[in-house]
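Residue numbers (this note's numbering), protein chains in the order written: chain A, 3 to 390; chain B, 3 to 390.
Do not rely on the hints blindly, as some may be mistaken.
[As the list claims (entries may be wrong)] Listed below are the simulated DSSO-like cross-link pairs for lysine-lysine, each with C-alpha atoms no more than 27 Å apart in a straight line:
no. : chain 1 : residue 1 : chain 2 : residue 2
1   : A       : Lys-218   : A       : Lys-379
2   : B       : Lys-307   : A       : Lys-307
3   : B       : Lys-235   : B       : Lys-218
4   : A       : Lys-317   : B       : Lys-218
5   : A       : Lys-71    : A       : Lys-5
6   : B       : Lys-218   : B       : Lys-379
7   : A       : Lys-307   : B       : Lys-317
8   : B       : Lys-307   : B       : Lys-317
9   : B       : Lys-326   : B       : Lys-5
10  : B       : Lys-379   : A       : Lys-379
None of these hints come from the bench; they were simulated from the model.
Number of protein chains: 2
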Amino acid sequence: MKKLNVGVIGLGARGYSMLPLLCGMENINIVSVCDMYHDRTEAGAALVSGSYGRPVAAYDDWHELIASKPDAVLVMSGWESHVEISIEAMRSGIPVGCEVGGAYTVDDCFRLVSAQRETGVPFMLLENCCYGRYEMMVMNMVSLGLFGEIVSCEGGYRHDLRTEILYGEKNRHYRLNNYLSRNCENYPTHDLGPIAQVLGINRGNSFVSLTSFASKSAGLNDYARLHSTVPEKLRDAAFAQGDVVKTVIRCSGGQLVTLTLDTTLPRPYSRGFTVQGTRGMYCEDGNYIYLDRDHDETMHFDWPKRWNNAEGYLKEYDHPVWRKFLEDGVRGGHGGMDYLVYNEFAVCLLEGRPFPITVEDAACWMAVTPLSEISIKEGRTVPFPVFR
Amino acid sequence: MKKLNVGVIGLGARGYSMLPLLCGMENINIVSVCDMYHDRTEAGAALVSGSYGRPVAAYDDWHELIASKPDAVLVMSGWESHVEISIEAMRSGIPVGCEVGGAYTVDDCFRLVSAQRETGVPFMLLENCCYGRYEMMVMNMVSLGLFGEIVSCEGGYRHDLRTEILYGEKNRHYRLNNYLSRNCENYPTHDLGPIAQVLGINRGNSFVSLTSFASKSAGLNDYARLHSTVPEKLRDAAFAQGDVVKTVIRCSGGQLVTLTLDTTLPRPYSRGFTVQGTRGMYCEDGNYIYLDRDHDETMHFDWPKRWNNAEGYLKEYDHPVWRKFLEDGVRGGHGGMDYLVYNEFAVCLLEGRPFPITVEDAACWMAVTPLSEISIKEGRTVPFPVFR
Numbered sequence: 003m004k005k006l007n008v009g010v011i012g013l014g015a016r017g018y019s020m021l022p023l024l025c026g027m028e029n030i031n032i033v034s035v036c037d038m039y040h041d042r043t044e045a046g047a048a049l050v051s052g053s054y055g056r057p058v059a060a061y062d063d064w065h066e067l068i069a070s071k072p073d074a075v076l077v078m079s080g081w082e083s084h085v086e087i088s089i090e091a092m093r094s095g096i097p098v099g100c101e102v103g104g105a106y107t108v109d110d111c112f113r114l115v116s117a118q119r120e121t122g123v124p125f126m127l128l129e130n131c132c133y134g135r136y137e138m139m140v141m142n143m144v145s146l147g148l149f150g151e152i153v154s155c156e157g158g159y160r161h162d163l164r165t166e167i168l169y170g171e172k173n174r175h176y177r178l179n180n181y182l183s184r185n186c187e188n189y190p191t192h193d194l195g196p197i198a199q200v201l202g203i204n205r206g207n208s209f210v211s212l213t214s215f216a217s218k219s220a221g222l223n224d225y226a227r228l229h230s231t232v233p234e235k236l237r238d239a240a241f242a243q244g245d246v247v248k249t250v251i252r253c254s255g256g257q258l259v260t261l262t263l264d265t266t267l268p269r270p271y272s273r274g275f276t277v278q279g280t281r282g283m284y285c286e287d288g289n290y291i292y293l294d295r296d297h298d299e300t301m302h303f304d305w306p307k308r309w310n311n312a313e314g315y316l317k318e319y320d321h322p323v324w325r326k327f328l329e330d331g332v333r334g335g336h337g338g339m340d341y342l343v344y345n346e347f348a349v350c351l352l353e354g355r356p357f358p359i360t361v362e363d364a365a366c367w368m369a370v371t372p373l374s375e376i377s378i379k380e381g382r383t384v385p386f387p388v389f390r
Numbered sequence: 003m004k005k006l007n008v009g010v011i012g013l014g015a016r017g018y019s020m021l022p023l024l025c026g027m028e029n030i031n032i033v034s035v036c037d038m039y040h041d042r043t044e045a046g047a048a049l050v051s052g053s054y055g056r057p058v059a060a061y062d063d064w065h066e067l068i069a070s071k072p073d074a075v076l077v078m079s080g081w082e083s084h085v086e087i088s089i090e091a092m093r094s095g096i097p098v099g100c101e102v103g104g105a106y107t108v109d110d111c112f113r114l115v116s117a118q119r120e121t122g123v124p125f126m127l128l129e130n131c132c133y134g135r136y137e138m139m140v141m142n143m144v145s146l147g148l149f150g151e152i153v154s155c156e157g158g159y160r161h162d163l164r165t166e167i168l169y170g171e172k173n174r175h176y177r178l179n180n181y182l183s184r185n186c187e188n189y190p191t192h193d194l195g196p197i198a199q200v201l202g203i204n205r206g207n208s209f210v211s212l213t214s215f216a217s218k219s220a221g222l223n224d225y226a227r228l229h230s231t232v233p234e235k236l237r238d239a240a241f242a243q244g245d246v247v248k249t250v251i252r253c254s255g256g257q258l259v260t261l262t263l264d265t266t267l268p269r270p271y272s273r274g275f276t277v278q279g280t281r282g283m284y285c286e287d288g289n290y291i292y293l294d295r296d297h298d299e300t301m302h303f304d305w306p307k308r309w310n311n312a313e314g315y316l317k318e319y320d321h322p323v324w325r326k327f328l329e330d331g332v333r334g335g336h337g338g339m340d341y342l343v344y345n346e347f348a349v350c351l352l353e354g355r356p357f358p359i360t361v362e363d364a365a366c367w368m369a370v371t372p373l374s375e376i377s378i379k380e381g382r383t384v385p386f387p388v389f390r
């Protein structure tokens, strides 16, 4: 089988942990790895060469990796370098698979789109949550009309990251600086990606305007004061980031999208994926489906019977991509989503097919971060840019 | 035992259905009933006199009931007459227990507060959800500091009312006109009441501003077209009310309150009561509690173990009001909430104690409706009035 020779840029928590999965994929061949921290470059190279049983090129400078001309690059660095690296790769003729994260400026989103349009080099945002099993089943059910006309979608990135943000004296994580200096919806794509696909954004529908609201910041300081593992200097640090950020996006099709960022308070993980139409709904919290077709009003108050009933719809409505995947045997992290998104990237490039997630999609989803920052700072609704 | 002689005004779905409970209460004596529809007045009078075994005064005109000078009135009419009836009762020296519903204008809220202040006659909003068992347990846990500093609260009135709104040719329900002519958060108090109590609104904290967003209106028309029970004229009616309305309220204490109205799409019932602090949270959907004290990060992804775990906290943290209530034996509708709110009303009046829900609380909660209407219509954030 033909393999895609890829260079992997960024070997932090995400990049390094994906190497074993990538090494095991039959259509991907890692030819080079890179990180700005030499210790990470060495560790990544050792892992890949150990897995393949042969040496792999290793760089501390991503410019050199791009100059070495792999078939494609996977950009898995910190949020702040995604756009810069992606643009240089495209300008060098190297197709890009870019990991997720919000943008820093709206201008960066425009630059990303321009670089892709001007070069014609393929770019895909590697949003694994677009490949979640229930997200895909819901997309399938929406396209079959089972939920009727879609009216409202909700999602969130609700993940207690206090330990990660405040970790140790040698914290090299880009999140810490973000939480100290910015107040915004800093991680919108996990929830917004599948919602945008459900709503057909950039395919006849579009985001019109965005309004964000931030609560006070209290979670990180309280955690820091109670945990001796947190560096002294962070105990009374002034964090700019509010604990909970609510964002409401209006769509040209009349739908509302509501996003919640909630990463510095104690809570269970949830992306809160919720899709409501005139004939039915799906809700990730509780994993339930409610359809006019299958339910009646006597069930309205009957919570326990609804709990996890979405499982019962898999047999009939599991997405074709997932059916095939399960026949082949589930592989990779996050319940198979990671395998599926990298596989899609490789297959599209090897077969010359367009990516299902376009650069305009990426720009729209990533732009939520700087737009929310403006909305919160200036206390106003901001129009959504048109990335065309 | 001393009884409060009350007149009941409004014998529609709510008023009529509460009569058996009220007739059975040891501190309440219904002396008169009233509805603008004579058939309802007759049915209500028959129910009460049948229960007591003696006649009861019956009026079609609420002015006459007030003029008959009961000890107090219970205002259980449609939303649109709550303020008018309450004000006339107070001006006549009759204490008022008023059922819930949003206001029609901000001015009505000011008039309600002025009437109470000028007359000194007691007024209480009968918000039964402030007496829900889990709502009260959460208030108890918040006051004990178990959730730390509160940062964000969410709630909703998520109740599929399509059948009720579109019911039959002889629809006398005030909801239909509201859905035809208004676009707003039309029923905020069930969710906002307990949240305001958790946040200490009007007790050192306050609502600062409100912003609302409405989705398109599609649910009622789709339902009407599919159901032959719905009158022909409503099939293509232009409903003003959006299916989903999101409202974000900023508090002077830095907290965010997010409300959802969602009453015209298929879905299970939920008030979505959610309270998040720096050390823990409660969520009604799933009925779970997550505390730093009791949980750790390995449980973040462990949904099934969290399902309904709030039940396990009742033993230690059930609210004293509920402990006593259960010892006495649960009575009345909606899991005891109705009994508790009417009992509180009667006990406070009989013992001369102030109501726990003040007229300023009522004005704040009810004002969300007209404020949301302005916010949606004008696409802007509106400042919250100060009712003092």
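So, going through the hints one by one against the coordinates:
no.	hint	verdict
1	A/Lys-218 - A/Lys-379	holds (13 Å)
2	B/Lys-307 - A/Lys-307	holds (16 Å)
3	B/Lys-235 - B/Lys-218	holds (20 Å)
4	A/Lys-317 - B/Lys-218	violated (33 Å)
5	A/Lys-71 - A/Lys-5	holds (15 Å)
6	B/Lys-218 - B/Lys-379	holds (13 Å)
7	A/Lys-307 - B/Lys-317	holds (25 Å)
8	B/Lys-307 - B/Lys-317	holds (19 Å)
9	B/Lys-326 - B/Lys-5	holds (20 Å)
10	B/Lys-379 - A/Lys-379	holds (23 Å)
The structure does not agree with numbered hint 4 stated previously, though it agrees with all others.
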